[in-house]
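Participant: Protein chains in written order, with my numbering: chain A, -19 to 96; chain B, 121 to 263.
None of these hints come from the bench; they were simulated from the model.
Hints are supplied without guarantee of correctness; some may be wrong.
Simulated restraints, written as ranges between beta carbons of each label pair [what the hints assert, rightly or not]:
#, chain 1, residue 1, chain 2, residue 2, range
1, A, 13, B, 208, 26 to 36 Å
2, B, 188, A, 22, 44 to 54 Å
3, A, 95, B, 188, 49 to 59 Å
4, B, 256, A, 84, 13 to 23 Å
5, A, 86, B, 155, 21 to 31 Å
6, B, 245, A, -7, 53 to 63 Å
7, A, 96, B, 149, 42 to 52 Å
8, B, 129, A, 88, 41 to 51 Å
9, B, 244, A, 86, 48 to 58 Å
10, B, 210, A, 78, 41 to 51 Å
Some chain B residues flagged as far from chain A (calculated, every beta-carbon gap over 10 Å) [as the list claims (entries may be wrong)]:
#, residue
11, 159
12, 186
13, 194
14, 201
15, 204
16, 205
17, 211
18, 244
19, 245
20, 248
21, 254
Cβ atoms here follow ideal geometry from the backbone N, Cα and C, with glycine treated the same way.
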Amino acid sequence: MHEAMKVLEEDGQTLRVVLSGRLDSSTVDEIEPALRARLDDGTQHVLVDLREVSFAASMAIRMFIATARRLQQLGRQMVLFGAQPLVREVFEHVALDDLVAIVPEADQALAMLASR
Amino acid sequence: MDAGPCAFELCADDAPLRRGWGHLEAFLDARRCGARIRFVAGLLLEEAVSNIFLRAEHPPPTCRVRLHLDAQGDTLEMCIEDEGAPFDPCAAALPGRSAGGAEGGRGILLMRSMADDMRYARRAGTNRLQFLVRERLPIGDAR
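Could you build the full structure based on these sequences and the hints that come with them?
Facilitator: The following block contains the structure:
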């Protein structure tokens, strides 16, 4: 597992993926295969914790969209939460929230998954 | 590093993004640039150099990019030059809203959205992409 990614069991239904540091092209190249392998094994919904992510470029956007779509095809959901202001600004410019659920706080993310 | 303008050369066969970020970070540290300038400058470097080196159809291993940096007050000037095929990201088509994962162009959209000014010129066989980035609050915090 890459040092910029930790996968924690939230409960039986949900995994929490904690990302940290810079999500640039080299980091995404390393964590995306590990993330895919980990998520393909499971049946849970996924919370992505972005509180410690300091930078996100277009490769990170592509990874989030591809992961959300893959999970959706498997009947599961993904919610991003905790993005810092400049990361949130990047998400807003590419209208990421049209394609991927994004909320400010962890409890909102959990509530969103519980309501589905 | 002194406080004047700086120029660096990045090569396709020598980890250009990692080396470029190292040069940029040292420059920004020396001038005590703020959080927004640091973030946006890193983003512009990542997207522009990725376009030149990684997304070109046949990037030659010796392909080079020149990075010019200058900081005055709360403004960073950044210029990226390459001698590849002409390509104007200021005029390139952008992905539609809600574009699917396979559609490209988000890097160009981000450069155009996050830079305070972005200009392209083609002169003497060189692409010249010039950016201005100013320190200010992120969108969400400015409301």
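Participant: Now, for every hint given, state plainly whether the structure supports it.
Facilitator: Evaluated hints:
no.: 1; hint: A:13 x B:208: 26 to 36 Å; in the structure: holds, 34 Å
no.: 2; hint: B:188 x A:22: 44 to 54 Å; in the structure: holds, 48 Å
no.: 3; hint: A:95 x B:188: 49 to 59 Å; in the structure: holds, 51 Å
no.: 4; hint: B:256 x A:84: 13 to 23 Å; in the structure: holds, 21 Å
no.: 5; hint: A:86 x B:155: 21 to 31 Å; in the structure: holds, 24 Å
no.: 6; hint: B:245 x A:-7: 53 to 63 Å; in the structure: holds, 58 Å
no.: 7; hint: A:96 x B:149: 42 to 52 Å; in the structure: holds, 45 Å
no.: 8; hint: B:129 x A:88: 41 to 51 Å; in the structure: holds, 47 Å
no.: 9; hint: B:244 x A:86: 48 to 58 Å; in the structure: holds, 54 Å
no.: 10; hint: B:210 x A:78: 41 to 51 Å; in the structure: violated, 25 Å
no.: 11; hint: 159; in the structure: violated, 4 Å
no.: 12; hint: 186; in the structure: holds, 20 Å
no.: 13; hint: 194; in the structure: holds, 16 Å
no.: 14; hint: 201; in the structure: holds, 21 Å
no.: 15; hint: 204; in the structure: holds, 18 Å
no.: 16; hint: 205; in the structure: holds, 21 Å
no.: 17; hint: 211; in the structure: holds, 18 Å
no.: 18; hint: 244; in the structure: holds, 30 Å
no.: 19; hint: 245; in the structure: holds, 27 Å
no.: 20; hint: 248; in the structure: holds, 22 Å
no.: 21; hint: 254; in the structure: holds, 14 Å
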